[in-house]
Amino acid sequence: MPVTVRGVDARLVWGYLPAGTLGAYTVTRESGRWTLTATVVTSDAFRVAQHPLAFVAPHTHGAWRWPIATLSIVDGTLTASLGPPEL
Amino acid sequence: MPSRFVRPDTTVLKISRGDTLTVKRRLTHGETIASYARMYLASADGQRAVNPLQVGMAIVTSYLIDWSLTTDDGVRVNIRDVSVEALEAILNSLEPESFTEIREAIQAHDAAMQAEREAEKNGLGTETGSPVISPSPSGVTGPTSGYAISTPTSTPFSSTN
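Sequence lines, in order, name chains A and B. Per our numbering, residue 1 is the first one in the first sequence, and the count goes up by one each step. Per our numbering, residue 1 is the first one in the second sequence, and the count goes up by one each step.
Among these hints, one or two may not hold up.
Said to hold, decoys possible - Computed Cβ-Cβ distance ranges for the label pairs, DEER-style:
1) B:Asn51 <-> A:Phe46: 30 to 36 Å
2) B:Met1 <-> A:His51: 17 to 23 Å
3) B:Leu94 <-> A:Val3: 40 to 46 Å
4) A:Arg65 <-> B:Glu120: 29 to 35 Å
As the list claims (entries may be wrong) - Some chain B residues flagged as far from chain A (calculated, every beta-carbon gap over 10 Å):
5) Pro2
6) Gly46
7) Gly74
8) Leu91
9) Ala108
Keep in mind that the hints were calculated from the coordinates and are not lab data. Note that CB positions come from ideal geometry on N, CA and C, so glycine has one too.
Modelling step: build the complete structure from the supplied sequences, incorporating the hints.
In structure tokens, the structure reads:
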């Protein structure tokens, strides 16, 4: 069953280091695969190129966090494939 | 040959009462400069001078990422991802002895990391990057101020690339 999470104001992190801030984002799970599309507000070119990166989306009681498997940023839009969310 | 860039690795420091501090293993250049900025005061003539009252707070807020400290109800006090200003406010609510203990543990960690870097510069570093940390640091006395530095970890990430 497809799952979609939409929001604004998320971030990319390399370990504890901030690697970027994101505006509107959409996370989708389809056929067991998680993907992310987001508007890039700021990004640190060095840190975004490091591994492992994670996508962190705050919510009322904390934050969801997904490891990023692959990532590309084109014209201010980030597209990434994600691993399973970390609980 | 290790990279000149700081990886976001962490280390857990053990303090009294079974509490732990999760700290950055090393600071980046940017974090170091930010730490200095928080401990300096601008005087009337435009010169800057160290504010000795802020040195301890600056180093603690630079390194501290998380901890196990709780309220009286046992609820963990969240400090992960909070702003420096918010972290300072939380730290200022600690009993003085507890802040001193945390500051001393982190200052000892900072000194150990500096010693490790010096050893690396002199070709004395280990291939594993193990920190030069004394398990029984000197200069810390009293039953409530003991601490130990655990085996270094690279949580949450330990993979190499």
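Item to check | Unmet hints by their number, sorted upward, for this structure | outcome: none
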